[in-house]
Amino acid sequence: MAVCIAVIAKENYPLYIRSVPTENELKFHYTVHTSLDVVDEKISAMGKALVDQRELYLGLLYPTEDYKVYGYVTNSKVKFVMVVDSSNTALRDNEIRSMFRKLHNSYTDIMCNPFYNPGDRINSRAFDNMVNSMMMQVC
Amino acid sequence: MEQGPAGVSAAAAAASTGGLLLPLSESEQQRYSELFSRCCPPPEAAAGGSSVGELFRASQLPPDTLHQITEVCGAKRVGYFGPTQFYIALKLIAAAQSGFPVRIESIKNELPLPQFVALKNDSDVRYGTPAELHGVKFQVPHTSLEKNSYKRTDEGDKQEPKSPPMSPICSPPASPSTYQRVPLSYGYGKSRSGLEQQHGAPYEVRHTTHQQDGPLSGNYGAKPALACSTLNRSLSGEREQQDSNAHYSDDPWRITEEQRDYYINQFRSLQPDLNSFISGSVAKNFFTKSKLPIPELSHIWELSDVDCDGALTLPEFCAAFHLVVARKNGYQLPETLPETLVPEYLQAASLKPMRDCTLFDSYSESLPGGQQTRDFSRTEKTSAEEVSDSSALLKDGKKDDKQALKVSTDLKTIPKEFQHLTVKTAAQESNTLKARPRSRSYSSTSIEDAMKKGEEPPTPPPRPQKSHSRASSLDLNKIFQQNAQAVRSGWLPPPPPALPPRPSLSQEVVIAQPPSKPARRKLRTETQGLETPELSPTINVTSSLPAVKPHLPVQKQSSKQKRAIQTAIRKNKEANAVLARLNSELQQQLKEVHKERIALETQLEQLRPVTVL
Chain H
1 MAVCIAVIAK ENYPLYIRSV PTENELKFHY TVHTSLDVVD EKISAMGKAL VDQRELYLGL
61 LYPTEDYKVY GYVTNSKVKF VMVVDSSNTA LRDNEIRSMF RKLHNSYTDI MCNPFYNPGD
121 RINSRAFDNM VNSMMMQVC
Chain G
140 MEQGPAGVSA AAAAASTGGL LLPLSESEQQ RYSELFSRCC PPPEAAAGGS SVGELFRASQ
200 LPPDTLHQIT EVCGAKRVGY FGPTQFYIAL KLIAAAQSGF PVRIESIKNE LPLPQFVALK
260 NDSDVRYGTP AELHGVKFQV PHTSLEKNSY KRTDEGDKQE PKSPPMSPIC SPPASPSTYQ
320 RVPLSYGYGK SRSGLEQQHG APYEVRHTTH QQDGPLSGNY GAKPALACST LNRSLSGERE
380 QQDSNAHYSD DPWRITEEQR DYYINQFRSL QPDLNSFISG SVAKNFFTKS KLPIPELSHI
440 WELSDVDCDG ALTLPEFCAA FHLVVARKNG YQLPETLPET LVPEYLQAAS LKPMRDCTLF
500 DSYSESLPGG QQTRDFSRTE KTSAEEVSDS SALLKDGKKD DKQALKVSTD LKTIPKEFQH
560 LTVKTAAQES NTLKARPRSR SYSSTSIEDA MKKGEEPPTP PPRPQKSHSR ASSLDLNKIF
620 QQNAQAVRSG WLPPPPPALP PRPSLSQEVV IAQPPSKPAR RKLRTETQGL ETPELSPTIN
680 VTSSLPAVKP HLPVQKQSSK QKRAIQTAIR KNKEANAVLA RLNSELQQQL KEVHKERIAL
740 ETQLEQLRPV TVL
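Taken in order, these protein sequences are the chains called H and G. Oh and the first sequence: position 38 is 38 in the working numbering, straight run, nothing missing. Oh and the second sequence: position 423 is 562 in the working numbering, straight run, nothing missing.
Bear in mind the hints are in silico, worked out from the structure with no lab data behind them. Warning: the hint list may mix true and false statements.
Okay, derived cross-link-like pairs now, DSS-like style, lysine-lysine, Cα gap no bigger than 30 Å in a straight line [claimed, not checked]: (1) H:102 <-> H:77; (2) H:102 <-> G:423; (3) G:423 <-> H:77; (4) G:423 <-> H:10.
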């Protein structure tokens with residue numbers, strides 16, 4: 001159950017950000033922004049090899065005391081960043097991977113829509129529903 | 140309606156504030172309370188102005204009538220929409236929709252329920268509302284009727300889908316102005332069926348409410364559950380009959396025959412083969428002409444492109460077109476695709492007429508593929524119905540549903556390309572990422588384009604590479620691999636022209652030497668000869684291929700076909716080289732001939748002065 005999910009375009013601007021509605025959403029935006037540096041670092045480290053060999057799931061980008069940040073890059077350099085609450089220890093790597101896979105699938109579904117121009121903000125209800133299902137349920 | 144008077148008097152007694160006796164039947168009560176709770180969350184006593192305004196506007200009455208209603212019901216006087224005002228307002232709306240003047244007297248009669256367009260069916264909310272009723276006034280009737288209301292919600296559910304379609308008809312002048320692309324005949328047809336509905340509607344609703352009250356009153360307190368289930372069945376049976384009688388026009392999401400024919404014609408104008416599909420860009424241009432805003436078109440696409448492959452088959456196209464038309468007529472787009480627009484449903488409905496108008500008769504595999512399509516559609520229809528039911532009920536896409544949907548959507552890719560797929564690929568595809576079905580459709584559409592450039596229908600074109608133009612950003616190798624794996628199982632691979640180009644090359648070299656006309660003719664025959672050997676292997680291949688069973692494992696075939704494609708590429712390259720060499724040799728010959736001519740002319744010149752002299 002993520003606390004914040006973001007989709008960042010190749011040029012490092014956000015296509016979609018959704019956080020759990022708390023008072024300090026800006027903090028998540030900032031976290032996502034700073035994690036982009038880590039993502040770039042990871043990509044460039046593996047960049048010498050062929051693109052195919054680079055794995056899409058980047059794993060834990062960096063942990064802070066409150067939460068952990070995970071990253072995932074597609075072959076077209078679109079990044080998915082997920083912020084997860086640290087107290088939620090039940091989440092394992094496999095689950096994070098499966099969440100990213102679902103995100104990727106939904107993203108490709110959006111791409112298939114001819115009315116979507118790549119680089120636009122994502123305004124799809126199906127995508128929203130999917131992301132909502134992955135966010136922490138705040139009652 | 141023995142319960143009726145008792146309930147009515149109780150309601151009347153309870154609701155008599157401000158000296159106004161408001162007789163409400165049980166169904167009305169339940170409906171009004173649910174509408175009220177929708178407009179205002181339970182803890183508050185008054186409905187929120189904006190949501191009430193929205194609801195009133197959804198009733199599709201002209202604004203001055205709505206103003207009148209708010210005045211008469213007393214909301215203006217007290218300044219807020221309390222429960223009584225709200226209920227009176229609803230009753231007045233019902234009266235106005237039935238054609239009565241907006242007066243207090245008119246609401247004393249028996250009236251059908253007010254109709255509102257595009258009320259979102261919050262089935263979750265409904266179960267909560269009967270319990271959380273506001274205000275002391277309605278405690279008495281509701282505690283007594285609570286059991287009934289719980290069961291009634293099921294029927295209320297069923298009534299809900301029926302009520303939205305009827306209201307737009309009340310204000311027909313609004314919609315025709317929005318008809319931009321829909322032809323007048325279609326619009327007339329819809330309004331015609333709508334008029335029929337309008338006359339039928341009040342009777343229908345009244346009939347059902349009477350039916351509801353009758354048996355329920357008899358079973359009240361005994362076994363409401365049983366009565367409810369039988370009642371549901373009888374109601375649904377009745378509804379089906381009414382559906383068939385009313386030309387399916389109750390449900391706005393059901394496509395009539397007229398509409399279907401229109402959509403099919405439009406599809407044909409974009410794509411002559413009804414079994415094939417329209418690419419995303421073509422569909423985008425087409426739907427953009429409807430002048431709907433892009434986000435809405437995007438949503439319509441999301442709803443109708445069920446297998447998310449960027450292309451629309453005929454049923455998907457019909458669903459999309461129908462949604463566009465509905466939106467233009469003022470209906471709100473649903474969150475999920477209605478059952479009647481799901482591709483399996485549409486395909487099953489249209490499968491019979493489509494059998495007759497298949498254009499590609501020459502494909503030997505179209506018939507067995509077609510039969511299997513029918514089988515698949517039958518099995519899929521059952522699974523898809525379940526899936527679509529669940530998706531309609533649970534709008535917040537839970538994991539299981541999404542996965543089930545994915546599996547079913549993967550399965551749904553099969554009818555589209557059934558001429559090319561085997562059962563095993565289907566099983567494979569359902570377990571893998573969606574990337575493969577998507578690229579499959581890309582390559583199959585490109586192959587179909589290439590198909591049209593082919594020589595004869597049974598033989599595929601020898602040059603499938605022509606389809607590169609669209610896949611500019613994709614990795615072509617990957618496409619060909621997946622292409623080969625998924626699609627080619629049923630497809631005839633390009634013919635590998637084996638030996639003929641080589642011997643002809645040597646022959647050309649021999650022939651090029653004598654620079655005379657007979658040589659040129661021989662070269663021409665040689666090039667023709669080049670073509671005929673190519674044709675003969677194709678014919679051989681086509682004859683041998685129907686023997687190839689489509690149940691071979693995909694991997695073997697894919698590698699075989701990959702090799703075949705590669706050899707074909709090599710051969711074509713060689714043929715190209717040969718022809719280029721031929722070209723250069725002919726050019727040389729031309730030059731030599733020119734030289735000869737010049738020489739002869741100079742000789743002539745030299746001889747001429749001699750004769751003149």
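Taken at face value, is the distance from the CA of residue 77 of chain H to the CA of residue 102 of chain H at most 30 Å? 17 Å, holds
Holds or violated: are the alpha carbons of residue 102 of chain H and residue 423 of chain G at most 30 Å from each other? Cα-Cα ~26 Å, so holds.
For the pair supplied as a hint, residue 423 of chain G and residue 77 of chain H, confirm whether the alpha-carbon distance does not exceed 30 Å. 26 Å, holds
Please verify whether residue 423 of chain G and residue 10 of chain H have alpha carbons no more than 30 Å apart. 25 Å, holds
Comparing the model with each numbered hint stated earlier shows that all of them hold.
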